[in-house]
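Numbered per my numbering, the sequence shown spans residues 1 to 180.
It should be emphasised that the hints constitute simulated quantities derived from the structure, not laboratory data.
Computed from a predicted structure; not experimentally measured.
Where is the CB? At the ideal position from N, CA and C, for every residue including glycine.
Hints are supplied without guarantee of correctness; some may be wrong.
[Stated by the list, open to error] No more than 35 Å apart at the CA atoms, straight line, and that leaves these computed lysine-lysine pairs for DSBU-like:
id : residue 1 : residue 2
1  : 159       : 5
2  : 159       : 46
3  : 5         : 46
[As the list claims (entries may be wrong)] So the derived label-pair ranges between C-beta atoms look like this:
id : residue 1 : residue 2 : range
4  : 118       : 173       : 25 to 31 Å
5  : 75        : 42        : 20 to 26 Å
6  : 15        : 97        : 37 to 43 Å
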Amino acid sequence: MARLKLATLWLGGCSGCHMSFLDMDDWLIELAGQVDLVYSPLADVKEYPENVDVALVEGAIANDDNLHLIRVVRQRTRTLVSFGDCAVTGNVTALRNPLGLAREVLDRSYLDPGNYRPQLPCEPGIVPVLLDRVQPVHAVVPVDFYLPGCPPPAARIRKVLEALIAGRTPMLDQSDLKFG
């Protein structure tokens, strides 16, 4: 049987979901025997590969880089999992939405009179172009499964991965569906 190709990625968020992923501790050794990790912030892979079986997507869509990557990921991935509350709802990342559109947020962050030498970053590549609104993953591309939590506990991540590796639909019970 071919090994499952697993990807994890981090968009607009804090990386807490990946920290929780690492909290699976010894089970990571077993997982490594069942999957090929083909893309992740935990590995030095620059381009998202073709024919990925499962992708855990952490974070919300907050800038042009996130938007481009999530579209590539969806096109090249069989099963996409919104991984954590930022991916599922926008959560903390979307707290900038009430502050206004992207330019208003940048002005507030960089041009505030309290800043020493206030100026907007203007060199290309320093700050990705912000989207006017932060969005959860499902608002941009279809999502197959949702893995809630901020971050999701390691046991919940493992439960979902075990089901997907076995070719089953992940079934979360009521206690799994509580946020936090």
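Consistency of the hints with the structure:
1. Taken as a hint, the residue 159 and residue 5 pair is honoured in the structure, with Cα atoms around 17 Å apart against an allowance of 35 Å.
2. Restraint check for residue 159 and residue 46: the C-alpha separation of about 29 Å stays at or below 35 Å, so the hint holds.
3. Restraint check for residue 5 and residue 46: the C-alpha separation of about 16 Å stays at or below 35 Å, so the hint holds.
4. Checking the proposed 25 to 31 Å range against residue 118 and residue 173 shows it is violated: the Cβ atoms sit about 51 Å from each other.
5. The hinted range of 20 to 26 Å is satisfied by residue 75 and residue 42, whose Cβ atoms lie roughly 23 Å apart.
6. Distance hint check: the CB atoms of residue 15 and residue 97 are about 21 Å apart, inconsistent with the given range 37 to 43 Å.
The structure fails hints 4, 6 (numbered hints given earlier, in ascending order).
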